[in-house]
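**Student:** Everything in the sequence shown is counted per UniProt numbering, starting at 1 for the first residue and increasing by one.
Treat the hints with care, since some could be wrong.
Here are the simulated lysine to aspartate or glutamate pairs, EDC-like style, with alpha carbons at most 20 angstroms apart [what the hints assert, rightly or not]:
no., residue 1, residue 2
1, Lys433, Asp509
2, Lys422, Glu434
3, Lys443, Glu507
4, Lys437, Glu507
5, Lys437, Asp509
6, Lys269, Glu232
7, Lys437, Glu447
These are calculated hints, taken from the structure and not from any lab test.
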Amino acid sequence: MDHDGSNMKISEHHLIISNIILIILRLTLITLITLIIILIIILIIILIIIIIILIIIVIIINNSIIITIIISIIILIIIIIILIIIVIIINNSIIITIIISIIMVIIIIIILIIIVIIINNSIIITIIIIIIIIIITIIIIIIISIIITLSHHTHLKILLRTSPGSRADGLQLNAVKWSRGTSEAMFRLGYVALLLSVFSAECIDQHALRLKHQNQEAQAALRRRLLQLDPEQQQDLAMVVPYLKSGDKAAFKKGLGAMVQNGGNERIKRCLQGLSAIGFDALEIQNWMTHPDAPTPQPSTTAAPPAQPSVTAALRAPPKAPAAPQAVATVGAMAGLAAEQQLLGGQQAQQQEVKKDLGDLKTAQTAQEQGDLQKMSKGQAKAALRKELARRLAKGVQAFKRVESVEKSEASLQNEVAADAKRVEKLEEALQKEETKEAEVEKENVELKKELAEQAAASKKTFARLDALEARGTGGASDSRVSALEEQNAKFRAALAGAARRLINLEADVTSQKQSALQLGGPKIVRHEKKPMPSP
1 MDHDGSNMKI SEHHLIISNI ILIILRLTLI TLITLIIILI IILIIILIII IIILIIIVII
61 INNSIIITII ISIIILIIII IILIIIVIII NNSIIITIII SIIMVIIIII ILIIIVIIIN
121 NSIIITIIII IIIIIITIII IIIISIIITL SHHTHLKILL RTSPGSRADG LQLNAVKWSR
181 GTSEAMFRLG YVALLLSVFS AECIDQHALR LKHQNQEAQA ALRRRLLQLD PEQQQDLAMV
241 VPYLKSGDKA AFKKGLGAMV QNGGNERIKR CLQGLSAIGF DALEIQNWMT HPDAPTPQPS
301 TTAAPPAQPS VTAALRAPPK APAAPQAVAT VGAMAGLAAE QQLLGGQQAQ QQEVKKDLGD
361 LKTAQTAQEQ GDLQKMSKGQ AKAALRKELA RRLAKGVQAF KRVESVEKSE ASLQNEVAAD
421 AKRVEKLEEA LQKEETKEAE VEKENVELKK ELAEQAAASK KTFARLDALE ARGTGGASDS
481 RVSALEEQNA KFRAALAGAA RRLINLEADV TSQKQSALQL GGPKIVRHEK KPMPSP
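Assemble the whole structure, with the sequences as input and the hints as a guide.
**Tutor:** Below, the structure written as structure tokens:
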């Protein structure tokens with residue numbers, strides 16, 4: 001009996017311990033599920049942010065909504081395919097499926113970002129980053145599989161300790177099958193991720209090689225076209241093509257200004273024909289020069305080369321202007337833009353020529369110092385030095401003449417500006433005088449109108465008196481007064497008619513003077529003579 005009591009106590013202790021362990025396991029599972037849910041939410045937020053960043057990067061780099069939509073559709077298709085593969089491979093756990101799906105989606109988005117950003121810069125960097133991503137993916141998958149396997153083994157041991165008999169055997173078999181299936185599924189998924197990564201790396205390498213081959217072909221075609229042009233066109237293109245490729249508008253306009261100064265519109269026309277021959281579009285160049293937000297023009301790889309078969313044939317044959325209607329149509333606009341730079345930078349071009357001459361002199365001096373004189377005899381060295389000194393003196397005289405011409409042109413321009421300023425001041429003074437005269441005439445018109453109004457009011461009063469006197473009929477005295485008033489009224493009417501006539505003539509003169517001033521385009525001085533009014 002004592003032995004049975006002790007066994008009962010031991011079994012009760014085992015039950016209490018097993019219940020405590022089960023409670024702890026449940027709490028740990030709840031915390032793990034909560035942490036996994038939080039991790040899933042964080043990963044979804046990160047996924048959304050990465051997709052938004054990817055779309056922004058693609059829009060900024062390519063400046064095209066169509067390419068952005070295509071890449072988004074490709075991402076969605078890849079995500080759907082991988083989710084289908086994961087659901088087919090893993091049928092046991094939804095949480096593991098979601099976690100691995102998010103990991104795979106992040107890996108694919110990173111690979112796409114690498115394809116968009118790095119593919120045009122370096123193949124070696126692309127391969128290194130893809131290898132790092134593959135290694136990180138395999139390590140993450142192995143860590144997840146190890147964690148899942150260890151958790152199932154610990155859970156199996158706890159169940160074996162707490163569950164007796166056939167139940168324990170069934171749980172053991174189910175746990176072993178589940179853990180084995182999960183491990184196999186994880187390794188299969190890792191193999192699929194490895195294959196996808198290797199395939200993406202191969203695609204990136206092939207695309208990079210194709211882009212490199214295309215760039216090499218485009219550069220070779222550009223060199224061939226340049227060699228098939230005339231030497232003058234090659235010289236003109238050497239002045240503008242580097243600035244056109246780099247997108248430097250100011251330097252490109254300076255080059256055109258130098259062409260206008262040296263050769264006029266014909267040289268610009270020849271330069272535009274050469275640009276169209278090597279693949280540039282004249283309308284794109286004009287748009288790029290006139291609009292600040294226009295893209296930099298690029299040479300097309302499909303432009304037809306000139307008709308000359310070789311360089312020697314091109315040099316021997318007479319120069320022929322190739323047909324380029326678009327370039328010819330924009331010569332006027334290009335010449336106008338170049339004329340601005342000619343007016344602004346003509347002096348700078350002459351100063352640059354002077355500096356170039358000085359640089360040539362310095363290079364010749366250094367070349368002579370390096371050993372040219374040692375190879376000659378004394379007489380030959382003296383003759384060479386005399387020739388060199390004469391050449392330098394001639395170049396110095398030419399440079400001095402250029403500086404004098406520049407100073408003279410500056411002085412003439414300053415004189416013209418001063419003369420224009422004086423002319424403008426005189427015109428402003430004449431305009432002010434004309435405005436004061438017009439104000440005086442308007443004041444005189446107002447005064448005359450007031451006088452006419454007062455005289456009209458006085459005449460109305462006299463007419464009223466005459467009417468009243470006629471109505472009364474007071475006799476001979478009144479008749480004499482009426483006759484006197486009638487005479488005065490007649491004189492007043494004559495004076496009033498003369499004043500009205502003068503006012504009409506004055507207004508007609510003012511309007512004619514204004515019209516003539518507007519037609520001639522210059523200020524006119526209107527002078528009016530005041531005539532004395534006749535005494536009544």
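**Student:** Does each hint fit the structure? Answer for all of them.
**Tutor:** Here is what the structure says about each hint:
For the hint pairing Lys433 with Asp509, the CA-to-CA distance comes to about 18 angstroms; that is within 20 angstroms, so the pair holds. Taking the CA atoms of Lys422 and Glu434, the gap is about 18 angstroms. The hint holds against a cut of 20 angstroms. For the given pair, Lys443 sits about 12 angstroms from Glu507 by alpha-carbon distance, which is consistent with the 20 angstroms threshold. Distance check on the hinted pair: Lys437 and Glu507 sit about 14 angstroms apart at the alpha-carbon level, within 20 angstroms; holds.
Taken as a hint, the Lys437 and Asp509 pair is honoured in the structure, with Cα atoms around 13 angstroms apart against an allowance of 20 angstroms. Distance check on the hinted pair: Lys269 and Glu232 sit about 12 angstroms apart at the alpha-carbon level, within 20 angstroms; holds. A hinted pair counts as satisfied when its Cα atoms are at most 20 angstroms apart, and Lys437 with Glu447 qualifies at roughly 15 angstroms.
Checked against the numbered hints above, the structure breaks none of them.
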